[in-house]
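Protein chains: 2
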Amino acid sequence: MYRSHNCGELNVSNINTEVTLAGWVQKSRDKGFMNWVDLRDRYGVTQLIFDEGRSEKSVFELAKTLGREYVIQVKGTVIEREAKNKNMTTGDIEILVSELTILNASLTPPFTIEDETDGGEDIRMKYRYLDIRRNPVKNNLLFRHKVTMEVRKYLSDLDFCEVETPYLIKSTPEGARDFVVPSRMNEGQFYALPQSPQTFKQLLMVGGMDKYFQIVKCFRDEDLRADRQPEFTQIDCEMAFVEQEDILNVFEGLTRHLLKEIKGVDVEKFPRITYDYAMKTYGNDKPDIRFGMEFGELNEFAQHKDFPVFNAAELVVGIAVPGAGIYTRKEIDGLIDWMKRPQVGASGMVYVKCNDDGTYKSSVDKFYDQQDLAHWAKITGAKVGDMIFVVSGPAHKTRTQLSALRMELAARLGLRNPGEFAPLWVVDFPLLELDEESGRYHAMHHPFTSPKPEDMALLETDPGKVRANAYDMVLNGNEIGGGSIRIHDKATQQLMFKYLGFTSEEAKEQFGFLMDAFQFGAPPHGGLAFGLDRLVAILGGQETIRDFIAFPKNNSGRDVMIDAPSKIDDTQLKELHIKLV
Amino acid sequence: MYRSHNCGELNVSNINTEVTLAGWVQKSRDKGFMNWVDLRDRYGVTQLIFDEGRSEKSVFELAKTLGREYVIQVKGTVIEREAKNKNMTTGDIEILVSELTILNASLTPPFTIEDETDGGEDIRMKYRYLDIRRNPVKNNLLFRHKVTMEVRKYLSDLDFCEVETPYLIKSTPEGARDFVVPSRMNEGQFYALPQSPQTFKQLLMVGGMDKYFQIVKCFRDEDLRADRQPEFTQIDCEMAFVEQEDILNVFEGLTRHLLKEIKGVDVEKFPRITYDYAMKTYGNDKPDIRFGMEFGELNEFAQHKDFPVFNAAELVVGIAVPGAGIYTRKEIDGLIDWMKRPQVGASGMVYVKCNDDGTYKSSVDKFYDQQDLAHWAKITGAKVGDMIFVVSGPAHKTRTQLSALRMELAARLGLRNPGEFAPLWVVDFPLLELDEESGRYHAMHHPFTSPKPEDMALLETDPGKVRANAYDMVLNGNEIGGGSIRIHDKATQQLMFKYLGFTSEEAKEQFGFLMDAFQFGAPPHGGLAFGLDRLVAILGGQETIRDFIAFPKNNSGRDVMIDAPSKIDDTQLKELHIKLV
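If you read the sequences in order, they're chains A and B.
For the first sequence, this note's numbering assigns the number 25 to the initial residue and increments by one for each residue that follows.
For the second sequence, this note's numbering assigns the number 25 to the initial residue and increments by one for each residue that follows.
Read the hints as simulated data drawn from the structure, not as lab findings.
Treat the hints with care, since some could be wrong.
You can't tell identical chains apart in this list, so a pair holds if it fits in one copy or across any two.
Below, in silico cross-link-like pairs of lysine-lysine (DSS-like), each with a Cα-Cα straight-line distance of 30 Å or less [as the list claims (entries may be wrong)]:
| hint | residue 1 | residue 2 |
| --- | --- | --- |
| 1 | K364 | K88 |
| 2 | K421 | K476 |
| 3 | K407 | K598 |
| 4 | K55 | K591 |
| 5 | K407 | K364 |
| 6 | K522 | K591 |
| 7 | K162 | K514 |
| 8 | K402 | K354 |
| 9 | K532 | K150 |
| 10 | K532 | K591 |
| 11 | K522 | K150 |
| 12 | K476 | K293 |
| 13 | K99 | K514 |
| 14 | K162 | K177 |
| 15 | K522 | K598 |
| 16 | K150 | K514 |
| 17 | K150 | K241 |
| 18 | K241 | K162 |
| 19 | K532 | K162 |
| 20 | K354 | K177 |
| 21 | K241 | K177 |
| 22 | K385 | K287 |
| 23 | K88 | K514 |
| 24 | K514 | K591 |
Construct the entire structure; sequences and hints are all you get.
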């Protein structure tokens with residue numbers, strides 16, 4: 025062992041102890057006759073002192089050659105510091121060094137290894153191994169480990185069994201794009217990397233392993249939006265002989281446990297709201313409920329007046345922004361412009377100031393009297409000093425626009441406190457979603473989701489109205505998990521594939537093994553999956569998942585550190601029975 | 025929830041309780057007026073009773089329709105059994121059923137769902153979800169979970185941090201063949217799936233994360249020998265600021281912990297033997313030391329006599345087989361034939377019987393007198409009643425042949441007791457191995473392994489003699505883990521690539537990122553990896569890893585259950601910029 029102690033543990037109780045430390049030179053202050061070096065490792069920083077009077081000449085001289093990030097080993101005595109540093113756990117002591125060994129030199133690092141670094145995103149990704157030396161990144165990785173340990177412990181204690189499912193599986197064109205792997209031994213054939221272990225976990229249920237989980241990498245070859253990764257990690261779970269309520273309870277319990285153990289936060293029983301309610305109230309199926317600003321639907325009091333825009337709209341909807349009554353005309357115009365940007369796409373926005381004297385001043389005073397506006401205030405819950413913003417148009421689109429405004433204003437008003445945690449369940453998701461381009465329905469969750477039995481009849485008449493036993497867990501405006509009760513009989517699964525536009529041949533070829541399995545005594549089952557990267561980031565009070573992944577890829581799916589992907593040899597291509605085109 | 029209890033927990037303390045159970049019909053015995061059904065779930069079997077006199081007619085009649093593997097839910101009362109079954113935890117009670125619901129019917133399964141099944145390997149793989157219902161397979165998966173939980177707990181308690189490394193990495197032609205993944209977004213380029221996270225864990229050390237582990241899938245596109253899988257799981261570990269001794273101690277501790285916690289077995293400090301000693305003594309770098317039969321080198325007392333075969337040999341070596349003196353001539357001839365099979369390849373074998381009266385009878389009595397043979401007995405440790413078998417030829421080949429005999433005879437003599445655990449370390453592996461075909465040296469472990477500093481000079485003069493700081497953990501004749509102290513400076517790493525026949529361009533292109541990293545303060549580091557599949561199998565007292573993998577592939581790398589790999593669409597190929605040839 026190169027050290028007797030680490031750089032984070034020595035204190036006054038160790039004074040006069042002979043110790044050996046090893047680590048990196050964080051910084052060095054050479055005062056001529058005295059040289060202080062901050063030695064850093066994973067556990068902390070300890071101050072070393074080289075003193076012309078007290079150190080051997082060779083050691084003293086060698087210390088002067090140390091550069092930033094040199095790896096050194098020192099032997100010395102723990103002594104009390106003259107100038108104590110209360111901000112460091114080791115701030116009361118320093119090491120008077122008697123022996124110094126340079127274990128490895130270092131070039132000057134391309135950015136500073138400090139909590140606040142001067143390195144930009146690109147350079148930090150290229151030298152990720154240096155970035156990991158920085159406390160923020162290092163602590164995120166340690167935090168991730170702590171979360172996964174707690175998850176495993178909690179589920180294992182409830183008799184869940186972690187089962188590894190295969191990574192080399194079968195490609196199915198349904199859903200997102202697969203990454204594929206050419207098979208050398210099976211010419212012209214390909215494996216696919218799993219987008220999730222969905223079918224395997226269902227087969228484990230058929231196999232009687234009634235409580236399964238796995239923390240597992242999944243893969244999607246999607247065009248990467250900001251903060252998406254081609255490989256990502258799921259906490260994947262499934263249970264048999266359960267109803268939706270049982271699943272919600274177990275994983276609400278897990279999440280409550282994590283919040284308590286990891287963050288020290290107690291949360292109440294999670295609210296459960298339906299998808300329809302979420303859309304109507306927040307314009308969003310993953311509402312952030314750390315703050316209010318719930319939607320008020322104003323059709324009744326905004327239509328049938330002389331304002332043609334509202335009269336023509338399917339939906340007129342507003343929110344009351346607390347304390348925003350003081351916004352200047354310029355600020356309001358800025359917000360209207362913000363709403364009109366293509367990313368949001370509103371055609372305009374109406375505002376109503378709730379004056380201190382109880383009157384209202386709006387941009388549509390020409391069309392609405394004080395009584396009308398009082399109705400609006402009542403419905404949106406606006407108080408004196410608030411501002412009501414109102415948008416109108418096609419229902420879904422308008423709700424989405426107002427949701428964007430709600431989130432933006434909450435951020436500006438500091439209502440999105442990362443230290444506050446407001447989880448909830450959104451339930452009763454629609455089974456199907458109309459793809460406007462193709463005019464075809466596709467599964468909102470996936471084709472294995474069970475429709476609600478009472479809605480089965482609607483499949484023929486009004487497929488968009490069929491609700492599923494599907495649910496999402498939402499935390500601070502992020503979907504952190506989602507799942508469903510699955511279909512467990514062949515007939516319903518066949519029907520579902522039919523509705524999704526599979527021919528029976530296609531269904532059989534791609535999912536025949538699952539439908540076969542359903543014929544041999546498949547139990548009722550369901551489950552969910554958490555997005556671990558996102559969950560960890562949110563628990564860590566941050567929103568960027570990349571900071572919680574040791575070696576992330578950039579938006580082109582490249583690992584810029586190792587420079588992958590890369591070309592491969594012709595020999596390799598030949599063995600795989602493929603060539604480039 | 026479909027059940028109030030599981031099928032393994034009810035006993036006399038529950039008598040008169042109303043319960044709800046759900047599970048699979050294991051078997052049904054219809055006696056006309058009485059019908060017993062064994063209901064099975066993951067936790068056990070509970071007997072149900074349907075009685076013409078005590079059950080409702082509809083329930084009684086419905087019970088008669090139940091087939092094997094039907095999934096049912098029952099409500100009923102726990103009653104005491106008349107004929108108790110002491111072999112079942114639930115054997116004192118049965119459930120008098122009042123309500124019966126068939127949750128799902130089942131076709132007749134293609135093999136019996138019993139501990140001893142009538143299904144062959146192929147059919148069980150195709151219907152693996154049914155195979156998993158069988159206790160032996162189910163218990164193996166639960167056992168695997170238990171082992172991984174203990175591993176994580178042990179390492180985490182020692183401050184090891186589990187870090188997920190990427191699966192989409194860079195292909196390197198060195199080593200085994202990579203599985204590759206064509207990149208859609210980077211035309212003409214490929215990711216590779218990791219053969220191990222080797223370089224990433226080293227970069228984590230450079231990054232200061234000084235104790236890392238990960239239970240991680242790895243991939244090798246090899247021609248599959250029996251009991252190899254294209255995807256397999258490693259417990260991958262690395263530490264910084266350590267010497268070999270520290271690593272051996274930590275992972276010996278882990279293994280001892282597993283043996284204690286999982287098997288209730290206390291083992292002594294692991295013996296440590298060198299590679300050279302292992303080869304000389306057991307003819308094998310992964311010796312099974314649950315039994316003796318150590319090699320005796322007989323050159324001194326077997327050569328320079330009149331037996332030309334031995335005189336011409338580089339090595340004459342024998343083992344004493346305990347109690348084998350009674351082997352008949354036929355048995356001995358059988359063993360000689362066994363040794364001459366192409367799989368072993370011996371050209372012959374000499375035997376010496378150690379008679380009860382202290383004399384010897386050998387197949388080479390013509391050339392050797394009793395005193396010669398007494399020397400042989402002394403060197404091989406043969407006792408009265410034993411048999412000495414002697415082979416000769418080129419040293420390495422001959423040792424390997426005798427090792428095969430040693431293992432075979434131990435198996436025949438019942439000395440390979442799966443309930444006994446004899447771990448050891450084999451250390452000081454050679455750094456390089458001569459590839460006889462190409463005449464080139466390649467890395468025995470991998471190119472990142474550090475040569476022993478004292479052997480560095482031999483690299484120029486006698487590369488085959490250079491020893492590495494490399495070690496294997498061996499358990500019951502299986503290598504269950506291996507690792508090394510790594511090179512951590514650019515110059516040595518460059519030198520190593522040169523000796524391995526890389527041009528400096530090749531080295532830079534493939535491993536430039538690692539050598540760059542070594543320039544920014546890389547600490548001394550080393551580690552090891554356990555093969556989890558094998559470790560679990562051996563701890564489970566079995567040798568076949570496939571039985572400890574939920575969804576294994578066959579020897580052609582196929583998943584016969586889901587039928588993967590498979591053809592993919594032309595659209596997919598086109599998007600990936602490849603075509604089939």
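Hints versus structure:
no. : hint        : verdict
1   : K364 x K88  : neither (61 Å within a copy, 69 Å between copies)
2   : K421 x K476 : within (26 Å within a copy, 69 Å between copies)
3   : K407 x K598 : neither (72 Å within a copy, 59 Å between copies)
4   : K55 x K591  : neither (52 Å within a copy, 71 Å between copies)
5   : K407 x K364 : within (26 Å within a copy, 96 Å between copies)
6   : K522 x K591 : between (41 Å within a copy, 22 Å between copies)
7   : K162 x K514 : between (49 Å within a copy, 25 Å between copies)
8   : K402 x K354 : within (26 Å within a copy, 103 Å between copies)
9   : K532 x K150 : between (46 Å within a copy, 16 Å between copies)
10  : K532 x K591 : between (37 Å within a copy, 15 Å between copies)
11  : K522 x K150 : between (48 Å within a copy, 26 Å between copies)
12  : K476 x K293 : within (24 Å within a copy, 60 Å between copies)
13  : K99 x K514  : between (71 Å within a copy, 26 Å between copies)
14  : K162 x K177 : both (23 Å within a copy, 21 Å between copies)
15  : K522 x K598 : between (39 Å within a copy, 27 Å between copies)
16  : K150 x K514 : between (50 Å within a copy, 18 Å between copies)
17  : K150 x K241 : both (23 Å within a copy, 25 Å between copies)
18  : K241 x K162 : both (21 Å within a copy, 24 Å between copies)
19  : K532 x K162 : between (48 Å within a copy, 28 Å between copies)
20  : K354 x K177 : neither (54 Å within a copy, 58 Å between copies)
21  : K241 x K177 : both (19 Å within a copy, 21 Å between copies)
22  : K385 x K287 : neither (44 Å within a copy, 78 Å between copies)
23  : K88 x K514  : between (76 Å within a copy, 24 Å between copies)
24  : K514 x K591 : between (44 Å within a copy, 25 Å between copies)
The structure is inconsistent with the numbered hints 1, 3, 4, 20 and 22, although it conforms to all the rest.
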